[in-house]
Amino acid sequence: MIQLKEYTIPFVGLKQGLHQFEYDIDNTFFEHFEYDEFNAAAVKVDLEFNKKTTMLELQLNITGTVNVNCDLTNEPFNLPIENEFLLVVKFGDEYNDENEELLILPHGEYEVNIQQYIYELIVLALPHKRVHPGVEDGTLDSDILEKLDELSPKEKTIENNNEETDPRWDKLKNLLNDK
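Under the working numbering, think of the first position of the sequence shown as 3, with each following residue one higher.
Rather than coming from a laboratory, the hints here were simulated on the basis of the structure. There's no promise every hint is true.
[Unchecked claim] With a cut-off of at most 30 Å between alpha-carbon atoms, the simulated DSSO-like pairs for lysine-lysine come out as follows:
1) 92 with 54
2) 92 with 149
3) 175 with 131
4) 54 with 131
5) 53 with 17
6) 173 with 149
7) 149 with 175
8) 173 with 131
9) 131 with 17
10) 46 with 17
11) 92 with 7
12) 131 with 149
13) 54 with 17
14) 46 with 131
15) 131 with 92
16) 7 with 17
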């Protein structure tokens, strides 16, 4: 993967202490990763870069919205996202990123690229099931929702013990009785 220059931080020239970086992420960032789940993205990344004598601490905070399609109706909507991540960078003999919260850079390295961490932080901020807010509160008017309502079972029968049952199950019960 080609590293994007704007997400590479040359830490050798920085003084010890806290440094602030800001990034605005849009769809062109995700095109680089060949990720096309978003219709549009407007995410702001705030990075607090704390340079210490033996290590670096990177606190990433993201806020913004991504335009995605609803999993139920396929209607596009803006989904607000928010996430944070702390990355500790230490120095060792060889590059090692096996631990998700610790990055080891070889001695003599002078810069760190954070594009992969930003990408993962945004993608992991998404919920597993993306539901349009209009579906949850009942205000969305969609052809798909009308079709789902039309196809859902409506009538229920009441048995002797006053429990409601699904009519499809009643048909299956009749098969047992027809022996």
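Do the hints match the structure? See the list:
Our distance criterion of 30 Å between C-alpha atoms is met by residue 92 and residue 54, whose separation comes to about 10 Å. Taken as a hint, the residue 92 and residue 149 pair is broken in the structure, with Cα atoms around 56 Å apart against an allowance of 30 Å. Of the supplied pair hints, the one linking residue 175 and residue 131 is violated, its CA atoms being roughly 35 Å apart against a limit of 30 Å. Taking the CA atoms of residue 54 and residue 131, the gap is near 40 Å; set against the 30 Å cutoff, the hint is violated.
For the proposed pair residue 53 and residue 17, the alpha carbon gap of about 7 Å is at most 30 Å, so the pair holds. Of the pairs offered as hints, the one joining residue 173 and residue 149 holds, with about 24 Å between alpha carbons and a cut-off of 30 Å not exceeded. The suggested pairing of residue 149 with residue 175 holds, with an alpha-carbon distance near 28 Å, which does not exceed 30 Å. For the proposed pair residue 173 and residue 131, the alpha carbon gap of about 33 Å is over 30 Å, so the pair is violated.
With a CA separation close to 44 Å, the supplied pair residue 131 and residue 17 exceeds the 30 Å bound. The hinted pair formed by residue 46 and residue 17 meets the criterion: a straight-line CA distance of about 25 Å does not exceed 30 Å. Using a Cα cut-off of 30 Å, the hinted pair residue 92 and residue 7 holds, with the two alpha carbons roughly 21 Å apart. Among the hinted pairs, residue 131 with residue 149 is consistent with the structure: their alpha-carbon atoms are about 20 Å apart, no more than 30 Å.
Pair hint residue 54 plus residue 17 holds up; C-alpha atoms about 9 Å apart against a cutoff of 30 Å. For the given pair, residue 46 sits about 23 Å from residue 131 by alpha-carbon distance, which is consistent with the 30 Å threshold. In summary, the hint linking residue 131 to residue 92 is not supported, as the alpha carbons are separated by about 36 Å, beyond the 30 Å threshold. Taking the CA atoms of residue 7 and residue 17, the gap is near 21 Å; set against the 30 Å cutoff, the hint holds.
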